[in-house]
Each structure stands twice: as structure tokens, then as C-alpha cells.
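J.: Read off the chains here:
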Amino acid sequence: MTQNIEKFDVIVVGAGPAGNAAAYTLAKAGKKVLQLERGEYPGSKNVQGAILYADALEKIIPDFRDSAPLERTVIEQRMWVMEDESYVGTTFRSDRFNQMPGNRYTIIRARFDKWFSEQVQKAGALVICEMTVIALLRDAAGKVIGVEVDREDGKIYADTVILADGVNSLVASRAGLRDDIKPAAVALAVKETIFLPKETVEARFNLKGSEGVVIEMLGSISQGMAGTAFLYTNKDSISLGIGCMLSDMKAQNTTPAELLEKLKQHPSVAPLIAGGETREYAAHLIPEGGYHALPELYGEGWLLVGDSAGFVNAVHREGSNLAMTSGRLAAETLLELGEKGLPSTAANLARYKARLEDSIVLKDLKKYRNIPDTLHSQRQFLSDYPALLNGAAHEFFTVDGQDKATKEKAIFNAFRERRSLLGLLGDAYRLWRATR
Amino acid sequence: MMKVEEKLFQNRYRVDADRPHIRIKNESVCNDGCVSRACVVCCPAGCWSFEEGKIGLITDGCLECGTCRVVCDTHGNVDWNYPRAGFGVLFKFG
Ligand code: SF4
Ligand code: SF4
Chain Z
1 MTQNIEKFDV IVVGAGPAGN AAAYTLAKAG KKVLQLERGE YPGSKNVQGA ILYADALEKI
61 IPDFRDSAPL ERTVIEQRMW VMEDESYVGT TFRSDRFNQM PGNRYTIIRA RFDKWFSEQV
121 QKAGALVICE MTVIALLRDA AGKVIGVEVD REDGKIYADT VILADGVNSL VASRAGLRDD
181 IKPAAVALAV KETIFLPKET VEARFNLKGS EGVVIEMLGS ISQGMAGTAF LYTNKDSISL
241 GIGCMLSDMK AQNTTPAELL EKLKQHPSVA PLIAGGETRE YAAHLIPEGG YHALPELYGE
301 GWLLVGDSAG FVNAVHREGS NLAMTSGRLA AETLLELGEK GLPSTAANLA RYKARLEDSI
361 VLKDLKKYRN IPDTLHSQRQ FLSDYPALLN GAAHEFFTVD GQDKATKEKA IFNAFRERRS
421 LLGLLGDAYR LWRATR
Chain A
1 MMKVEEKLFQ NRYRVDADRP HIRIKNESVC NDGCVSRACV VCCPAGCWSF EEGKIGLITD
61 GCLECGTCRV VCDTHGNVDW NYPRAGFGVL FKFG
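Sequence lines, in order, name chains Z and A.
Here the working numbering is used: the first residue of the first sequence is 1, the next is one more, and so on.
Here the working numbering is used: the first residue of the second sequence is 1, the next is one more, and so on.
Bear in mind the hints are in silico, worked out from the structure with no lab data behind them.
Hints may be right or wrong, so weigh each one.
[Claimed, not checked] In silico PhoX-like pairs for lysine-lysine, Cα to Cα no more than 25 Å straight-line: (1) K264/Z with K3/A; (2) K92/A with K235/Z; (3) K208/Z with K235/Z.
[As the list claims (entries may be wrong)] So, partial list: chain A residues that the calculated Cβ filter (under 7 Å) puts toward chain Z: (4) V4; (5) K7; (6) Q10; (7) N11; (8) Y13; (9) C34; (10) A38; (11) C42; (12) I58; (13) D60; (14) L63; (15) G66; (16) V70; (17) V71.
[Said to hold, decoys possible] Residues from chain Z that keep clear of chain A, each with C-beta distances beyond 10 Å, as calculated: (18) S44; (19) R78; (20) R109; (21) R111; (22) Y157; (23) A350; (24) E357; (25) A405.
Even for Gly, the Cβ is constructed at its ideal location relative to N, Cα and C.
The following block holds chain Z by itself, in its conformation from the complex (with noise of 0.2 Å):
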């Protein structure tokens, strides 16, 4: 292909939520959009837990719940403190989810993925799988100007190309555009997909219809990682994962297949997925660096969204939302410079961070900045507590003629005895601060 050939308004690299939703708000638009995506299908390279925030995507595609492949709408979620043999836990379920419309849901990627590129292609954007984009052209000046795929005279030209290859985001790296990740600022999320009759989900979860539970878990599972796991409900399947920090990952020598398998051994876990089928098992990296591992968000033609942005907030486990906010934004910027004839530089296209400033994607990054560091510096968070809650708790309910009394003196010595009592109140503090 050569210039004179063909160009397009905009090449949107990679056909996951970011992509997708820059692609088909674009193409909705009128604009010209090629996507390129390099698995065979869409979604056949893409991971996510996954959960679906309702919210992001309504704003994209109004009416997606009449056809989008939803597998269980979230009406209770559990967060689970665990010990090797316990958890201390909560549980909000609330009917209120099932008044429509619903607010999160499960899905399963490679069938939402489809399902969105479907959209896309229905919106006017022409979609090519099984293509690989190499690098980015530019011209003499530095500007970006197209992209080129793993083809024969694989050249095509665009006026502005929008980065969502995810989280390695080679080409972006590879045209010094960002710097590659690092260990400390990205978790690595393994995953099984265990399937189990729709009658036994409902069963084991207390569930009818399309209801669904979401468990998120921390604690002892983590082995002193930095890390979460956590248990979706699919329609027929069960959605099961831990992910930890790659820094702490390489300094100890379990590794992520043995995590998992120690997971799904918990006494806590394992009844939930007795007689389950494992058919499939997935991994994903997962940028958690948070807002002071953002790197340039756009350029001389050219921006970034999604993970290859790294749009995750860690604190609440969400990705794709910002994912979609993000590709959407960047679309709209697109369209907002075109409507007053202005080209991709970029000057102009720093009205794109703007955009995501005033949204949930750069206000909540920044909203919990400090975070990261936080649970990186203070090991407390994520070994102590979780072993003295349970211990706590094991020590109250355990009735064997033990005074309340001194059982609550008990209690309060074990966590003196682990943290000093100013130890304690420095750890309230840090936690308030980084969620300041």
C-alpha cells in the first residue's frame, strides 16, 4: 500500500475495550477508521477477571444490555481476609442490582471482545485480524503517520494512529514513545476458567436467574506478596485468579501455576469449585504502577489508551472502564479537532488529557497516587493484619470458658506485640493518606 492509495482518518491499533471504543465512537462519527488487531478474532489475545462496569460502556453504546453477551449481573460482592485455614470477611448483597439496569456484570472476553468488535464493524470501521502493526511511520519533522504491519509493502497512513495494544504496548516502547514496564510498577494476574453446571453456581452462591457474586480476596493466598485473588460467577463457570507484583514476584520462588493451585485448594475456596472442569488457563500482566507511572499520554500524532496507557486503578480492580473512558475520549478529542479543522499535533491534542482529567480516569489515578508505594513500603498491610484479624476472630468465636474480658485483652496484646501501639496508629494514618 502507498500513500496514494489509501489514508485513513485515524488506525487504531488492537481490538480491546480501549481500542473498540475509540474505533467505533470514531466510525459512529463518520470518520474513516482502520483497526488492526493481531490475534485471529477479537479477543483471542485479550484476558481480563472480568467484571463489566455498566457505566462506561452505556456512555459508548447506550443500549449495549439488548445484545451484549453478559454472562451474571453483580448483586453481592465479598471481600475476604484470609488466613491459610480462615477468612474474615463482609458481604454487601443488595436486591437493588437487580432493578435494571444493572451496574456490573461478569463476562467472559473473548465473547464480550467479539461482541464489541461486531459493533465496530456495524459502525462503518474496517477491522483487520491476524495483522501485526511493527512500527509507526513518521515523517521528516518526527510526526506520526501511519503504521506498519508485518506484510509486504505493510505501509498505511493515517492522520492521526491511537495506541491500544495493551499492556506491553511493543510498538510504543519500540518507538520510544514510553519506556518498557517495570517489575514494580505491573502485577501478573494468572487465571482458570473452571466450569460447573449453571444449577450448581446458583446452588453454591445462593443465586437465581442471572444474579452473580464477586469475591475479592487478600491475605495469606499472596504468601507476603503484594497481591489480590479473587472468584467471579459466570453463567455456567467460575472465573478464578490471584495476581501479586512482579517485584515481589521474582524475589521468591513459588511460582504463579503453584499460587493458583494453592488457591484453589483453601478450604475456604475449594468447596466452591468441587467438580469443577478447568478449560482454560490464562495470564495477563496488569499495570499498577498508577498515576506516577503514567508516561507521555500523547504526542505528534499519536496517543495512548487503555493498559498500553496504564489506565488500571489496583485499589478497586478496575481496567477496562477506564480502558473504554479513555479510548472514548480519545476519540472525541479526534472529533472535536476535526470539527474545527485542526491537525494532530501535539499541541492540540493535548486537549485529550484535558478530557481525561476531568474524567474518572486521571482523577481517580490521582486520588490514590500514593498507593502503590504505600503497600510496597508497609508489608503490614498484607501479612500482619490479615494474620491478626484472623487470629482475632478465631480467639472471639471460640467459645471454651474464656472471659470476654480478657479475650478482648488477649486480642489487643497480639496486636501490640506484633505492631507498637504508635506503629498502629502511623499505619491508620498511612493508609488514610494514600487514599487521601
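Model the placement of chain A with the ligands on the given structure of chain Z, informed by the hints.
T.: Below, chain A with the ligands without anything else, positioned relative to chain Z:
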């Protein structure tokens, strides 16, 4: 305990025979210079091994996560690429 091989057996792959997408730049760095050999511990698919003083890499079961490249930050010894378009893991559920 389910072994990693059993887990991978459930996955779909289109293997690009004899064209591994990940390569070790310099094996002697792995064998003699590297202390952590973090790739061996951290690879979720067990693609990396270290036996009898030699590093080994078989990418057939690779999940394309990028971990081996990221954890080799001290030596930068992993030449990491995606498989050729259309090849590699094909997630059914993802
Ligand atoms: S971490 Fe890097 S240098 Fe060390 S063994 Fe692995 S690939 Fe080789
Ligand atoms: S990319 Fe991931 S799965 Fe593949 S070899 Fe590297 S660490 Fe293992």
C-alpha cells in the same frame, strides 16, 4: 495439585513450528551471569527451565503475557516478540 502442563493442555494454540517468538539474547548471561533467574520462577506457563547449569526456553505453551521480558530488567536478555499474526495462544474465554 494440577500441574502447569495439565493447565496448558486445556488451552488452544496455533504453534508456529520452529519459529519461537521469544529468544534469549545471550545464553551465557543466563547460565553464568544471572543470580535471580526470575524468568524460571515467574513464567506462568513454565516455558523457562534451568537444569544442569543450562537455561532452557520452549515457547509452545506461552501465554504471551510479557512477564519474562519484564522480570529480566537487570540483564535485558530477553528478545521478546509476539508470535506472527494469527499464531500463538487463542483464548476461548480470555
Ligand atoms: S532473568 Fe534474564 S538473564 Fe536471568 S535467566 Fe532469565 S532470561 Fe536469563
Ligand atoms: S511471555 Fe509469559 S508465558 Fe510466555 S514465556 Fe514469557 S513469561 Fe512465559
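J.: Are the hints correct? Go through all of them and say.
T.: Evaluated hints:
1. Only pairs whose Cα atoms come within 25 Å are accepted, and K264/Z paired with K3/A is accepted, the gap being roughly 13 Å.
2. This hinted pair checks out: K92/A and K235/Z have alpha carbons roughly 15 Å apart, not beyond 25 Å.
3. The hinted pair formed by K208/Z and K235/Z meets the criterion: a straight-line CA distance of about 11 Å does not exceed 25 Å.
4. With its C-beta approaching chain Z no nearer than about 4 Å, V4/A sits inside the 7 Å limit, and its interface hint holds.
5. A hinted interface residue such as K7/A counts as satisfied when its beta carbon comes closer than 7 Å to some beta carbon of chain Z; here the least separation is about 4 Å, so the hint holds.
6. The criterion of a C-beta within 7 Å of any C-beta in chain Z is met by Q10/A, whose closest approach is roughly 5 Å, and the hint holds.
7. At a threshold of 7 Å, the smallest CB-CB gap from N11/A to chain Z is about 6 Å, leaving the interface hint in force.
8. Restraint check, Y13/A versus chain Z: the minimum CB separation of about 11 Å is more than 7 Å; hint violated.
9. Look at C34/A: its Cβ only gets to about 12 Å from chain Z, farther than 7 Å, so that hint breaks.
10. With its C-beta approaching chain Z no nearer than about 4 Å, A38/A sits inside the 7 Å limit, and its interface hint holds.
11. Among the interface hints, the one on C42/A holds; its C-beta lies about 5 Å from the nearest C-beta in chain Z, closer than the 7 Å criterion.
12. For I58/A, the interface hint is violated, since its Cβ never comes within 7 Å of a Cβ in chain Z; the closest pair sits about 15 Å apart.
13. Violation of the interface hint for D60/A is found here, the shortest Cβ-Cβ separation to chain Z being roughly 14 Å, above the 7 Å cut-off.
14. Proximity of L63/A to chain Z holds as hinted, the smallest CB-CB distance being about 4 Å (cut-off 7 Å).
15. Here the hint on G66/A is kept, as its CB sits about 4 Å from the closest CB of chain Z, short of 7 Å.
16. Here the hint on V70/A is kept, as its CB sits about 6 Å from the closest CB of chain Z, short of 7 Å.
17. Taken as an interface hint, V71/A checks out: its beta carbon lies about 5 Å from the nearest beta carbon of chain Z, inside 7 Å.
18. Taking the minimum C-beta to C-beta distance to chain A, about 5 Å, the non-interface status of S44/Z is violated against the 10 Å cut.
19. Against the 10 Å criterion, R78/Z stays outside the reach of chain A, whose nearest CB is about 22 Å from its own CB.
20. Distance check for R109/Z against chain A: the nearest CB is about 4 Å away, which does not clear 10 Å, and the non-interface claim fails.
21. The Cβ of R111/Z sits about 8 Å from the closest Cβ of chain A, inside the 10 Å cut-off, so the non-interface label is violated.
22. With a least CB separation of 20 Å from chain A, Y157/Z remains clear of the 10 Å interface cut-off, as annotated.
23. Once the 10 Å rule is applied to beta carbons, A350/Z is consistent with being away from chain A; the minimum gap is 30 Å.
24. Every C-beta of chain A lies more than 10 Å from that of E357/Z, the closest at about 28 Å, which supports listing it as non-interface.
25. For A405/Z, the shortest C-beta to C-beta distance to chain A comes to about 45 Å, beyond the 10 Å cut-off, and the non-interface label holds.
The structure does not agree with the numbered hints 8, 9, 12, 13, 18, 20, 21 stated previously, though it agrees with the rest.
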